[in-house]
Amino acid sequence: MSDQEERISETTRLGLEIVKEAEEDRLMTLSVGPQHPGSGHFRFTVKVDGDYIVDCDPDPGYVHRGEEKMCEYRNFIQNIPHLERPVIHDSSNITYSYSLAVEELVKIDVPRRAQFIRAIASELNRQIYTLYWLAIYGIFLGHSTMFMWPTGDRELIIDLMEALTGARVTHAYNIPGGVRNDIPYGFKDRCLRQVSYFEKRLKEYEDIFYNNPLLRQRTEGVAILTKEDAIKLGVTGSVLRASGIPYDIRKAEPYDIYDEIDFNVQYMKTCDSFARAYVPLLDMRESCHIIRQLLDKMPESGEVRAKLQPNPKGPPGEAYRRVESGRGALGYYIVSDGTPRPYRVKISVGSFRNLLALPHLLVGSKLGDMPSVYWSLNYWPVEADR
Amino acid sequence: MSKSDDLSLGNIKGKPSPTVASNKALPSISTKQGETGSVAAPPKPSSNNTSVQVKSEEAELPQFEKGIIDSLVSKYGDSIKIIYVKPDRIKIEVPSKDIVEIARHIRDESGFDHAESVSATDYPKTGDIEVIYHLGSYTRDDLSSHILSLSTRTDRNNARLPSLIGVFRSVEYHERESFEMVGVYFDNHPRNDRFLLPEDWADIPPLRKEFRIKGR
Numbered sequence: 000m001s002d003q004e005e006r007i008s009e010t011t012r013l014g015l016e017i018v019k020e021a022e023e024d025r026l027m028t029l030s031v032g033p034q035h036p037g038s039g040h041f042r043f044t045v046k047v048d049g050d051y052i053v054d055c056d057p058d059p060g061y062v063h064r065g066e067e068k069m070c071e072y073r074n075f076i077q078n079i080p081h082l083e084r085p086v087i088h089d090s091s092n093i094t095y096s097y098s099l100a101v102e103e104l105v106k107i108d109v110p111r112r113a114q115f116i117r118a119i120a121s122e123l124n125r126q127i128y129t130l131y132w133l134a135i136y137g138i139f140l141g142h143s144t145m146f147m148w149p150t151g152d153r154e155l156i157i158d159l160m161e162a163l164t165g166a167r168v169t170h171a172y173n174i175p176g177g178v179r180n181d182i183p184y185g186f187k188d189r190c191l192r193q194v195s196y197f198e199k200r201l202k203e204y205e206d207i208f209y210n211n212p213l214l215r216q217r218t219e220g221v222a223i224l225t226k227e228d229a230i231k232l233g234v235t236g237s238v239l240r241a242s243g244i245p246y247d248i249r250k251a252e253p254y255d256i257y258d259e260i261d262f263n264v265q266y267m268k269t270c271d272s273f274a275r276a277y278v279p280l281l282d283m284r285e286s287c288h289i290i291r292q293l294l295d296k297m298p299e300s301g302e303v304r305a306k307l308q309p310n311p312k313g314p315p316g317e318a319y320r321r322v323e324s325g326r327g328a329l330g331y332y333i334v335s336d337g338t339p340r341p342y343r344v345k346i347s348v349g350s351f352r353n354l355l356a357l358p359h360l361l362v363g364s365k366l367g368d369m370p371s372v373y374w375s376l377n378y379w380p381v382e383a384d385r
Numbered sequence: 000m001s002k003s004d005d006l007s008l009g010n011i012k013g014k015p016s017p018t019v020a021s022n023k024a025l026p027s028i029s030t031k032q033g034e035t036g037s038v039a040a041p042p043k044p045s046s047n048n049t050s051v052q053v054k055s056e057e058a059e060l061p062q063f064e065k066g067i068i069d070s071l072v073s074k075y076g077d078s079i080k081i082i083y084v085k086p087d088r089i090k091i092e093v094p095s096k097d098i099v100e101i102a103r104h105i106r107d108e109s110g111f112d113h114a115e116s117v118s119a120t121d122y123p124k125t126g127d128i129e130v131i132y133h134l135g136s137y138t139r140d141d142l143s144s145h146i147l148s149l150s151t152r153t154d155r156n157n158a159r160l161p162s163l164i165g166v167f168r169s170v171e172y173h174e175r176e177s178f179e180m181v182g183v184y185f186d187n188h189p190r191n192d193r194f195l196l197p198e199d200w201a202d203i204p205p206l207r208k209e210f211r212i213k214g215r
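Residue numbers (numbering that gives the first Met the number 0), protein chains in the order written: chain E, 0 to 385; chain X, 0 to 215.
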């Protein structure tokens, strides 16, 4: 190699190093959360190259409370109040699948009227949760009306739940064997009135928010989660149904009286951020339809709770039961060793499963799309951490 | 992990894949698992240890569920132990050395395409840890109500299992959670490290039975 050639290769090497250094300098690491109000109690770091996100590393666990460990120290009934803490807005659903699993282990038959009542409570709770989610989604896309309206309408349903259960949030209403108390006098009419009003409001939400050209422009065609990827990542709930898979536990594996109810699984095929935000609205509309049928078909009188032993226990065994919550499938895996306390409880929650889609969707998106993509995943950090 | 395993899901606009790219340092978790560094052969699952009812009378099996397990049993024979078959629920137990191959067979032939949950349970009385994968199906309508529980056991003093991330991409965070909560090290998993617990956690994995909640 001549002197000249050596010099050139040396220059090339130096040049390459400079390019590499410049590339590293170009990347900037941003930390989102846990104090940032837009992320909830959740932190993730993103690396941006100019306007584009090139890396995302979720770091949940800021609200981890060891629910699964706590379950091993309490008996099946004592577990109910603390198990609904992960999602206080959707507390009827998170205790629903727990009750189903305990009923399978302890072998309890639930009275028919109780099955209707707890389905009504769960559908109302689904709406409370989804309205809260919609409010936050709206405000972080800069639409403050969409924060005010659902928050206000949510109060009406919360009042309804208060009349039913006695508590505004964390109702501890669905328990193994049925529900804690019967419905109050005049509940049926009040519920029907509320549902009719709410259906009208949903139409207005659609006009002012979902048909807003600004929202459409920010979400349509953004962060596509294809059908194949959705299956591979095992996402659930509205995220899954927005990717064109009509899968709902209420239809796929009907629990209690859902097999007698006539409803459709709402899904969209566009797979984008808009679809993930729109499917919850369709779900709420379908939920109103379900509540009407439940109120109509509910037996007028009867038991609302099966008689339990003081410390209920069943033979050794295990159960895995799931329900469709506001954020997708919510499953409980409970192992019993024959004592009144569970040996092991595993809560499989939709938020934790959908978290896997966050890095997948954010990498390659623009930084400005981050709020809409993050909230479109219907992610509830407290539930994911448990 | 074989080359055919599709670990990353394809990059959007050619940017690097986020989660699997960084292979962080091995764990500093204070159990006995990581110290030897060798992959010990897990003990044979003993039959009388579980707290699970063993029902395997052929006559009681529901027809549809029987069809699912028949194809597995005919291929893998004795290595598959059927723990129970209930309507919509099947549980099988396999040795840990075969789990990746059997899981791939379940995915490709039986139609279960994603994992809903992965839970590890500690059994100090028999000295092992059971890891159970709850598998479901989105693609096949006739399987939509079914859950196939694929379980395996490992020694709790040296808890190591092959990761199923090459077969079911959806197990990534669940296995990571099992690692920190119960202390099962997953070979070939890109990140066996902290997820939900605090970064300065210096105790044993909290879902082990020796870990006691203070004051209880």
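None of these hints come from the bench; they were simulated from the model. Heads up, the beta-carbon is just placed ideally off N, CA and C, and yes, glycines get one too. Just so you know, not all the hints are guaranteed correct.
According to the in silico footprint, chain X covers these stretches of chain E (three or more CB under 8 angstroms from chain X) [as the list claims (entries may be wrong)]:
| id | stretch |
| --- | --- |
| 1 | 125 to 134 |
| 2 | 244 to 251 |
With a straight-line Cα cutoff of 30 angstroms, these simulated BS3-like cross-link-like pairs (lysine-lysine) come out [said to hold, decoys possible]:
| id | chain 1 | residue 1 | chain 2 | residue 2 |
| --- | --- | --- | --- | --- |
| 3 | E | Lys226 | E | Lys46 |
| 4 | X | Lys74 | E | Lys231 |
| 5 | E | Lys312 | X | Lys96 |
| 6 | E | Lys226 | E | Lys187 |
| 7 | E | Lys250 | X | Lys65 |
| 8 | E | Lys312 | X | Lys213 |
| 9 | E | Lys312 | X | Lys74 |
| 10 | E | Lys250 | X | Lys85 |
| 11 | E | Lys106 | X | Lys96 |
| 12 | E | Lys68 | X | Lys213 |
| 13 | E | Lys312 | X | Lys208 |
| 14 | X | Lys85 | E | Lys68 |
| 15 | X | Lys124 | E | Lys68 |
| 16 | E | Lys202 | E | Lys268 |
| 17 | E | Lys68 | X | Lys208 |
| 18 | E | Lys231 | X | Lys208 |
| 19 | E | Lys106 | X | Lys74 |
| 20 | E | Lys68 | X | Lys65 |
| 21 | X | Lys80 | E | Lys106 |
| 22 | E | Lys231 | X | Lys213 |
| 23 | X | Lys124 | E | Lys231 |
| 24 | E | Lys312 | X | Lys85 |
| 25 | X | Lys208 | E | Lys106 |
Looking from chain X toward chain E, a few residues come up when the C-beta cut is under 8 angstroms (computed) [claimed, not checked]:
| id | residue |
| --- | --- |
| 26 | Phe63 |
| 27 | Ile67 |
| 28 | Asp87 |
| 29 | Arg106 |
| 30 | Glu108 |
| 31 | Ser109 |
| 32 | Asp112 |
| 33 | Arg139 |
| 34 | Asp141 |
| 35 | Ser143 |
| 36 | Ser144 |
| 37 | Ser148 |
| 38 | Gly165 |
| 39 | Ile203 |
| 40 | Ile212 |
* Going straight from one Cα to the other, do E/Lys226 and E/Lys187 come out at no more than 30 angstroms? -> Violated, at roughly 40 angstroms.
* To do: Tell me if X/Phe63 is really an interface residue toward chain E, meaning its C-beta lies closer than 8 angstroms to one of theirs.
  => X/Phe63 check fails; min Cβ-Cβ to chain E is 14 angstroms, beyond 8 angstroms.
* Should the hint that X/Glu108 touches chain E count as held when the rule is a Cβ pair under 8 angstroms? -> It is violated, given that the least Cβ distance between X/Glu108 and chain E is near 17 angstroms, above 8 angstroms.
* Asked: Is the interface hint for X/Arg139 satisfied, with its Cβ closer than 8 angstroms to some Cβ of chain E?
  -> violated (11 angstroms)
* Asked: Taking only the CA atoms, is the gap from E/Lys68 to X/Lys208 under or equal to 30 angstroms?
  -> holds (9 angstroms)
* Asked: Taken at face value, is the distance from the CA of E/Lys231 to the CA of X/Lys124 at most 30 angstroms?
  -> violated (37 angstroms)
* Could you grab the alpha-carbon distance between X/Lys74 and E/Lys231 and see if it respects the 30 angstroms cut-off? => Distance ~25 angstroms between X/Lys74 and E/Lys231 Cα, so the pair holds.
* Keeping to a limit of 30 angstroms between CA atoms, is the pair of X/Lys80 and E/Lys106 held or broken? -> holds (26 angstroms)
* For the pair supplied as a hint, X/Lys208 and E/Lys106, confirm whether the alpha-carbon distance does not exceed 30 angstroms. => holds (27 angstroms)
* Hint status (Cβ of X/Arg106 to nearest Cβ of chain E, threshold 8 angstroms) -> Since chain E brings no Cβ nearer than about 10 angstroms to X/Arg106, farther than 8 angstroms, the hint is violated.
* To do: Measure nothing beyond the straight line between the CA atoms of E/Lys250 and X/Lys85; if it is 30 angstroms or shorter, mark the hint as holding.
  => holds (20 angstroms)
* Asked: Hey, does the X/Asp87 contact hint survive, CB to chain E under 8 angstroms?
  -> holds (7 angstroms)
Violation of the numbered hints given earlier is confined to hints 1, 5, 6, 9, 11, 18, 19, 20, 22, 23, 26, 27, 29, 30, 31, 33, 34, 38 and 39; the remaining hints are satisfied by the structure.
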